Every structure is written in structure tokens, then in C-alpha cells.
Amino acid sequence: MRLKIQNILILIGIGLLLSCEPSVQSINYGQDGCSYCRMTIVEDHYGSEIVTQKGKVYKFDSIECLSAFVLKKQIAEEDIHELYFTDLEDAGHLYPKSELIFVQAKKLNSPMGLNLSAYRNPQTAANVAELYFGDTLNWKQVQDFVEISWLK
Amino acid sequence: MVVGAVINVGTGFEIKTVSSGLSASSRGDTLIIHTGVYNERYLRIDHQLTLLGQGNPVIDGGQEGELLTVLADSVTIAGFTFKGSGLSHLDENAAVRFEEAHYGQIRENIFLDNFFAIYISKSSNCLIENNRIRGHAKTESRSGNAIHLWYCKDIIIQGNMVSGHRDGIYLEFVEQCEVQDNISTENLRYGLHFMFSNHNRYHHNQFMNNGAGVAVMYSRHVDMWENIFADNWGSSAYGLLLKDIYDSSIMNNTFSKNTIGMYSEACNRVNVENNDFTQNGWAIKIMANSMDNVFTQNNFSANTFDVSTNSRQNFNLFKKNFWSRYKGYDMDQDGIGDVPFRPVKLFSLLVEMNEPALMLMRSIFVEILDSAESYLPILTPATLIDDEPLMSRRL
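Keeping their order, the protein sequence lines are chains A and B.
Quick note on numbering: numbering that gives the first Met the number 0 labels position 149 of the first sequence as 148, and the sequence is numbered without any gaps.
Quick note on numbering: numbering that gives the first Met the number 0 labels position 332 of the second sequence as 331, and the sequence is numbered without any gaps.
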């Protein structure tokens, strides 16, 4: 009997641990607000998200807002579990930073005006960059670009 | 000066299509398009022209691409119905687009089910007047803005009715504009949205039932008066959202039945005067990074919370407002209460720190907490008080 209770407690413990596992949360478009600029998130091609080590979720309406939030240290670097962005070709779905290539293009307007977008397929990214007068960027370059454009 | 010719287009005339009418025209002509449905798109105007609809002709793009692009100065477009510019996630397709086109006019048109309706880019001295614009944002989550201005100057937007788009009226990098007498309702996000736009005025507009109200962001010298902000309900909905606003004024407006009447973050030197805040969840939420703002002669009636903030610090002035919650007295009968009023309740501070605490609203515990704090204020901002509260409503 005693063993049983112990087992149950262990199971509950594991359950609690699992439920704290940081995981991506889908964005409720038209309802959720951006944690950086406070605007309601409506464009499902640009939604972005930070998931912290503890499983807390911050949602953003654009890549530039997420980037500025990190740059302004509104969250400590070591607390970040993963960054997620939307593939412009696959609206409404979030993908981890490592799977994506970014584009900054003069003629492709993004929600906050820095014209950043993200793609899983490198070929698509290159095509968009060419068609809309832009360049492909990695995450470090995105951060540098946001820093120069907004925070300097 | 040569007076332009008049060219008629329609089923009963030699010229049957708008595009052939445009190619037949020369600078300064007037094109009269007669009643009927014209299934045309990618129309271009590259010289001065007056385009008039007779009997409300319909130009239907069939949900693909753009309808009409104007690339010349002094073009007038009046009396049409524009329908169905194409949805796209890469291109901002509009029904009528002005591209570096100055002194133009868009008047008395109807816009139905377009992605973007009116898109003005890098233009100045234009008039957008008395148009009726209705989008399909209610059924289609992807929608552009009804009136979209980008890098513009000296534009007048007046007497328009806009609904069912992403934002009703959107201004980005725009200077010296006048937005007046418009009615903006039931848009997906904001009724009116300013971004990086200095020296603008908007007044006598009505913003109701929009997803999130009106947002004025990253701008200086914006004057807002006699507008109505009403019925904006939702978790991130505001009557008026102010972020990074400097040297602006908000006067004689009505804020009623919004989740948050006015939200202010990082705003400085904004004058909030003679406004009515009635039946909002929060009348005013002001974040601690807002400084030197003045709130005076406002009426606060029947709001769940009058003022809420996220800190003990306060660098703003509240003076001579009417607070329906004020329980003070006026012995010298000068119309001004003899004891100061503290609009920030301890409970609102708790809610600010931990939103689910709202559950305790109206519980006896909260009542006790609030009255204890009002006698011995230690947690609410010490300087956020109205020293001279009005005894009766300012009329």
C-alpha cells in the first residue's frame, strides 16, 4: 500500500515536471498583444515568440519586436529557451530560429516597418530577397540591423 | 491654356472599357465612365486627369491584383464603386493607389471587399473625402487597411465611413495631416493607427467596436480632440493606446465602455483635458515610464478602476478632475473638495502585478484592503493624488 502511494506521488511529480517543460504556444491572432509594442497581433505571417526556460511565453507581432525585446534585455539571455518565428510561406505556424533564414527587403512591408521576414526554404528566401530588393540574413545580422535601425 | 476634352466610356459609347478610355485620353481631359460593371484591373493613370463615374459604375478586379494606380499629379477620382483588389501576403494590393501623386482627390466612392482600399504612398496635398469603405475582415482574417498612408504630407481625410478592414485609417511616416469627421467601426485591429507620424491632428471622429480601439505610437505633436472612443472590449483592447508619444494634446474626447479607456506607456508632456471617462474597466492605465503629463478638468464616472499604474513612482500631475468615487466634503463651498482624492486603489496595483487577482473583485477582503490603504497609504503612489478634486461634474 505504501509503495502504491509512493508510486502515485512519483507519477504526479513527473506529470508536474512534464507540464513545466518549455514548449511553443500558438498565437491567438486578433486577441493576443505584442509584448514589446503592445499592438494586437493580427498578421499571421509575422507572429514571433520567445519561450523561457521556465515555460513562460512572450508573443510578438513581428521579428523586429522580438529582436528589440531581447536587445533591450527585457529578458535575460540565459532565461531564453528558444525563439520561434513564422515562415512567411506557412502562415500561422511557428518554427524554431535554427530552422529559419531571415530576409530584410526594401519592398516587403512587415508590421513594424523594418521589413523583416523568415523562411525555412533557403531558395524561397533568396528569391524573395531578389524580387523585393533585399538580402538574406542570419539571426546575428537581424539583431545588428534592429539595433542600428531602432536602438541607436 | 488648353481646356481638356471630355471622353465618354460605356456600353452605349464608342469606347467600351476604362483602359481604352485611359489610353485615348491626354493630359487635362475628363473621362466620364457611365453606369455598368467593368471587369478591369491594373489600370494606370500617368497624366493629369479627371475620372468621373456617372450612375455609380463598378470596377471589379475579381479578387486579383490592383485596380487603379495613379502616377501623376492633380488626378480626381469620384463616383465609382471599386471592388475586389487581390489578397496577397507579399504585395499590398490596393483598389486605388497613389504613387508619388500630389494634389489628387478621391471623393464619393464606394469600396467593397478590397484587400487594401485606398493606398497613398509618397504623396502630398491630397484629399480623401466622403468615401464608404467596407472590407471583409469579419469573415476573412487576412485583410489590409481601409485608408493607408505611407510617407505622406498634407493629406486631408474627412467624412469617410470605414469598416471591416485590418486598420480603418493607418498613417506611417506621415506629417501635417488632418483626419476629421470619419466614422471607423468594426475593424479587425485599430480604428485609427499612427506610427512614426509627427505634427498631425485628428478630431470629430467616432471610433467604435474596433478590435483594439485606436493606437497612436512613436509620434510627436499629435493633437486629438472631440473624438468618441467607445465599445472596445477585449484582453488587449483600448479606447486609446498611447506609446512613445511626446508633446501632444487630448481634449474634449469621450471614452466610454472600453476595457481600458486610455493606456499610456513612455509618454511625455501630454495634456489630457476636458475629457469624459465613463463606464470603462480602467479609465486610465499609466505606466511609470510616462512623465510630465497633465490630467485636468476630466470627468471620471462609473469606471471600475479610475487610474491604475505599475509603480509607486509618479511623475504626472492630476488636478481639478471630477471623480464620481470621491467621498470628500467642501466646507468653504468653492466647488473644490477639501481633502485630496487618491484615484489609485491598492487592489488595482495588485491586479497590475498579478492579473488573475481580478477574481477577487468586489470581495469583502478587497474592500477592507482598499479602505485600509486609503487611510494609511503606503503601497499606492504617494504623489498620484488629485489635491483639488471637483465637487460636481464639469459640464
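Hints in this document: simulated from the structure, not taken from any laboratory.
If you're wondering where the values come from, they're calculated on a predicted model, not measured in any experiment.
A hint or two may mislead.
Said to hold, decoys possible - Cβ-Cβ distance ranges computed for the label pairs, FRET-style: (1) A:Asn137 / B:Ile363: 41 to 47 Å; (2) B:Asp386 / A:Phe132: 54 to 60 Å; (3) A:Ala75 / B:Thr382: 30 to 36 Å; (4) A:Gln122 / B:Arg200: 32 to 38 Å.
To be verified - Selected chain B positions facing chain A (Cβ under 10 Å, derived; list incomplete): (5) His88; (6) Tyr102; (7) Ile109; (8) Ile155; (9) Ile182; (10) Glu185; (11) Met207; (12) Ala211; (13) Ala214; (14) Arg219; (15) Ser234; (16) Ala236.
Claimed, not checked - With a cut-off of at most 27 Å between alpha-carbon atoms, the simulated DSSO-like pairs for lysine-lysine come out as follows: (17) B:Lys319 / B:Lys256; (18) A:Lys151 / B:Lys121; (19) A:Lys105 / B:Lys256; (20) A:Lys3 / A:Lys72; (21) A:Lys53 / A:Lys106; (22) A:Lys71 / A:Lys139; (23) B:Lys256 / A:Lys106; (24) A:Lys53 / A:Lys72; (25) A:Lys72 / A:Lys55; (26) A:Lys96 / A:Lys151; (27) A:Lys151 / A:Lys139; (28) A:Lys72 / A:Lys151; (29) B:Lys121 / A:Lys105; (30) A:Lys105 / A:Lys53; (31) B:Lys319 / A:Lys106; (32) A:Lys55 / A:Lys106; (33) A:Lys151 / A:Lys105; (34) A:Lys106 / B:Lys152.
The beta carbon of each residue, even a glycine, is placed where N, CA and C say it ideally should be.
How the hints compare with the structure:
no.	hint	in the structure
1	A:Asn137 / B:Ile363: 41 to 47 Å	violated (58 Å)
2	B:Asp386 / A:Phe132: 54 to 60 Å	holds (57 Å)
3	A:Ala75 / B:Thr382: 30 to 36 Å	holds (31 Å)
4	A:Gln122 / B:Arg200: 32 to 38 Å	violated (48 Å)
5	His88	holds (5 Å)
6	Tyr102	violated (25 Å)
7	Ile109	violated (25 Å)
8	Ile155	violated (24 Å)
9	Ile182	violated (21 Å)
10	Glu185	violated (13 Å)
11	Met207	violated (16 Å)
12	Ala211	holds (4 Å)
13	Ala214	holds (6 Å)
14	Arg219	violated (17 Å)
15	Ser234	holds (6 Å)
16	Ala236	holds (8 Å)
17	B:Lys319 / B:Lys256	holds (23 Å)
18	A:Lys151 / B:Lys121	holds (26 Å)
19	A:Lys105 / B:Lys256	violated (41 Å)
20	A:Lys3 / A:Lys72	violated (47 Å)
21	A:Lys53 / A:Lys106	violated (38 Å)
22	A:Lys71 / A:Lys139	holds (15 Å)
23	B:Lys256 / A:Lys106	violated (40 Å)
24	A:Lys53 / A:Lys72	holds (17 Å)
25	A:Lys72 / A:Lys55	holds (16 Å)
26	A:Lys96 / A:Lys151	holds (25 Å)
27	A:Lys151 / A:Lys139	holds (16 Å)
28	A:Lys72 / A:Lys151	holds (15 Å)
29	B:Lys121 / A:Lys105	holds (15 Å)
30	A:Lys105 / A:Lys53	violated (37 Å)
31	B:Lys319 / A:Lys106	violated (50 Å)
32	A:Lys55 / A:Lys106	violated (35 Å)
33	A:Lys151 / A:Lys105	holds (20 Å)
34	A:Lys106 / B:Lys152	holds (21 Å)
Violation of the numbered hints given earlier is confined to hints 1, 4, 6, 7, 8, 9, 10, 11, 14, 19, 20, 21, 23, 30, 31, 32; the remaining hints are satisfied by the structure.
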